[in-house]
Amino acid sequence: MTDEKLDQILRQALAPEIDDKEIRVRRRRKGRMRKANQIRLAVAEAAVAVVVGIGGLGYFNPVLAAKIPLVGKIFEKVGDDVTYSGDYMDKSFVLTEEDAAGNLDTTEYSASDSGITFTASEVYCDGYSLFLTVKIEAEDADFTHIPEHYTGMHVSDNQTAAGFYIDGTWSVDGNTAEQFHNSFDGNVIDSHTFVGMLKMDLTEKLEGSGELRLNISGLGYDDDRMLDAEEITASHWTDGSWNIVLPFEVNGTDVKTIEVGEKNGDISLNDVVVSPYQVIVHTTTPGEQRELTDDRREKLLSADPNMTDAEMFELLGVSYYEPCQTIVFDQDGEMLYSDMEMPGRAVFAVQGRELKTLHIFIFDNMDDWAQMSDEGMNSSVADKAVISKEISVE
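Residue numbering for the sequence shown follows our numbering, starting at 1 and increasing by one per position.
Everything labelled a hint here was simulated from the structure, so no lab data went into it.
Since we're looking at a predicted model, the values are computed, not measured.
Hints may contain errors.
Below, in silico cross-link-like pairs of lysine to aspartate or glutamate (EDC-like), each with a Cα-Cα straight-line distance of 16 angstroms or less [claimed, not checked]:
#	residue 1	residue 2
1	K356	E390
2	K73	D87
3	K389	E262
4	K299	E311
5	K356	D383
6	K356	D330
7	K77	E98
8	K356	E311
Quick list of the computed label-pair ranges, beta carbon to beta carbon [as the list claims (entries may be wrong)]:
#	residue 1	residue 2	range
9	L316	G352	36 to 46 angstroms
10	D105	D304	24 to 34 angstroms
11	D105	E139	36 to 46 angstroms
12	E207	D142	39 to 49 angstroms
13	R353	P69	37 to 47 angstroms
14	K356	G376	35 to 45 angstroms
15	T106	R225	12 to 22 angstroms
16	S112	D142	36 to 46 angstroms
17	A303	G352	40 to 50 angstroms
18	R225	G174	35 to 45 angstroms
19	P305	E207	42 to 52 angstroms
20	T169	T308	21 to 31 angstroms
Cβ atoms here follow ideal geometry from the backbone N, Cα and C, with glycine treated the same way.
Can you build the whole structure from these sequences, using the hints too?
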């Protein structure tokens, strides 16, 4: 996607609230994510996850922060602000806890390198994704200048979180390692402490229990004092090695799979998964997806170091935009936050809604999808959807 196209999408989605500085910062974050193999974000996310000012973080006094237990209670701290917001406290599996003085009861799930300590706190798994909370500490850092970004559907929601980049791989039960494709949403506690949540999507539905292996090779964050610089993305970046193995249990409470089986031509709406925090629409689309592996990426970049992911997919014979785009509305006609769409799966954040009915629209034309995103469920292009389906969740 060109910078000009990204600017256009951002202005259409957020005008008049957005300004040119916010667009520049979002573009720079996008560039860093690509460098760290984290650029597979949906256009809808790019339209709302716009970096804003640092105001409103509400930092703790550093002395008091040291006495307030955080690890073991991070879902409680960040749950209202993250993209996949909600109350995780009764559903998560606590890995590590702090006592009343802020001391860790165990360091089994903590790793330190290059002056940064990474401590896993809690994990929740609905069978389709893993949601992990962590505390990141660095004595020589100043986290108070990490900008916030929007995590709600609209700017007026005022739902924002600080962001922390991560690079490396993760795997479950010895399966093929996956690259990290997103960053932590969370809160800055003080100059040296950040707490946040990371979501990892499983390739296949999981039941029972398992082990999550993290092999982290880099951590970084932006700095709001550098917003006017030509390049600020992850201006504070640290390479290192933080390796942790974490147990988890699948919690299927309030998770529903609704079989649909609707088909039109080469596109099928197979089923819809509804959990307390996300809605997943499983589809079948035409064509084959060629994997952009690290080897292929390195080879393509050796020919052109400035090649974008879109250009790489085009050379591999795959359109950068997937063959269908999905929009979901609730029973009140409110659009669900679209976080990502990839072949066979579109993911939406519930963000505290009580879902009774879902209205699903699948388009094979991105312009129609964009118009409906702008106009809402009663858009004039609703009848152009390849598949439109009303689904009862109750």
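Going through the hints against the structure:
1. K356 x E390: 11 angstroms, holds
2. K73 x D87: The hint holds at about 11 angstroms.
3. K389 x E262: Roughly 8 angstroms between the alpha carbons, so the hint for K389 and E262 holds.
4. K299 x E311: OK: K299 and E311 at ~13 angstroms, within 16 angstroms.
5. K356 x D383: Since the Cα atoms of K356 and D383 sit roughly 23 angstroms apart, the hinted pair is violated (cutoff 16 angstroms).
6. K356 x D330: 7 angstroms, holds
7. K77 x E98: 14 angstroms, holds
8. K356 x E311: 41 angstroms, violated
9. L316 x G352: 36 to 46 angstroms: About 39 angstroms separates the Cβ atoms of L316 and G352, which means 36 to 46 angstroms holds.
10. D105 x D304: 24 to 34 angstroms: Violated, at about 51 angstroms.
11. D105 x E139: 36 to 46 angstroms: 22 angstroms, violated
12. E207 x D142: 39 to 49 angstroms: Taking Cβ atoms as reference, E207 and D142 lie about 44 angstroms apart, which means the hint holds.
13. R353 x P69: 37 to 47 angstroms: 30 angstroms, violated
14. K356 x G376: 35 to 45 angstroms: 18 angstroms, violated
15. T106 x R225: 12 to 22 angstroms: 37 angstroms, violated
16. S112 x D142: 36 to 46 angstroms: 19 angstroms, violated
17. A303 x G352: 40 to 50 angstroms: With a Cβ separation near 47 angstroms, A303 and G352 satisfy 40 to 50 angstroms, so the hint holds.
18. R225 x G174: 35 to 45 angstroms: The hinted range 35 to 45 angstroms holds for R225 and G174, with Cβ atoms some 43 angstroms apart.
19. P305 x E207: 42 to 52 angstroms: 44 angstroms, holds
20. T169 x T308: 21 to 31 angstroms: 22 angstroms, holds
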